[in-house]
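Asks: Work out the full structure, taking the sequences as your base and the hints as a guide.
Counting from 0, one number per residue, gives the positions in the first sequence under numbering that gives the first Met the number 0.
Just so you know, the hints here were simulated from the structure itself, not pulled from any lab data.
This list has only true hints and no planted wrong ones.
Straight-line alpha carbon distances no greater than 27 Å define the calculated DSS-like cross-link-like pairs of lysine-lysine that follow:
id, residue 1, residue 2
1, K138, K201
2, K220, K138
3, K61, K176
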Amino acid sequence: MLNELKNWPKTERDALDLQARLAAEVRAVPLNKPPETIAGVDVAYNDATGLLIAAITVLDAKTLNLVDQAVFEGKVDFPYVPGLFSFRELPPALEADRQLKIRPDLYICDGHGLAHPRHFGLACHLGLALNTPAIGCAKTHLYGTSCPPGELRGEKAPILDGDTQIGAVLRTQTGVKPVYVSIGHLITLDEAVAVTLNASPKYRLPETTRSADQLVRQRLKQASG
DNA sequence: GCGACAG
DNA sequence: ATCTTGTCGC
Numbered sequence: 000m001l002n003e004l005k006n007w008p009k010t011e012r013d014a015l016d017l018q019a020r021l022a023a024e025v026r027a028v029p030l031n032k033p034p035e036t037i038a039g040v041d042v043a044y045n046d047a048t049g050l051l052i053a054a055i056t057v058l059d060a061k062t063l064n065l066v067d068q069a070v071f072e073g074k075v076d077f078p079y080v081p082g083l084f085s086f087r088e089l090p091p092a093l094e095a096d097r098q099l100k101i102r103p104d105l106y107i108c109d110g111h112g113l114a115h116p117r118h119f120g121l122a123c124h125l126g127l128a129l130n131t132p133a134i135g136c137a138k139t140h141l142y143g144t145s146c147p148p149g150e151l152r153g154e155k156a157p158i159l160d161g162d163t164q165i166g167a168v169l170r171t172q173t174g175v176k177p178v179y180v181s182i183g184h185l186i187t188l189d190e191a192v193a194v195t196l197n198a199s200p201k202y203r204l205p206e207t208t209r210s211a212d213q214l215v216r217q218r219l220k221q222a223s224g
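Replies: What follows is the structure, encoded as structure tokens:
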């Protein structure tokens, strides 16, 4: 069994305690090297059966071609609680990750990292658990204050927690609703923004997120019907 | 007390 | 997250 899954919290209170301890270990430091491979992480659910599918897709950072993928099928073990998202999604994500043949240089999570009420979103937890660079790229706001960025691709506005910047609202496509980028672990916000833009040449969401989402969706459908 | 609330 | 077709616009 994975070390991270030993003594995994079963209650909200225990999860909050663990979150507080782990949040202190997050490091916002530059990447050691430009990522050659980037991973997308996603989980899909079937409420009726309690079944879940987690998937990781690994893309060549330059060409965005798929170079590896892994899927894990399991059951829901923690409720959806805003702010405790990682306790629901991280365990199945780690199970999928262990099946990969290629170790990704960076993970892009479908959710937030530091832009979280206690500065410990899924991307922080995953980066810490794998001791690997990770960022959050979420579709909607969770925490913090921000203004809308300019309408052009690449324009961004800070996400603030008081006077501290915890992320950026980033326009990945001109005239399209922006995404919410924050660091998870072992990377800087500027690098996270650059990686997100490079991974989103054509659509609003990074190709990593899109391929992982496509995979879980497909597998959930064939597992149910 | 009243909203807001990743997926 | 998920239930879900056509339709408006470039």
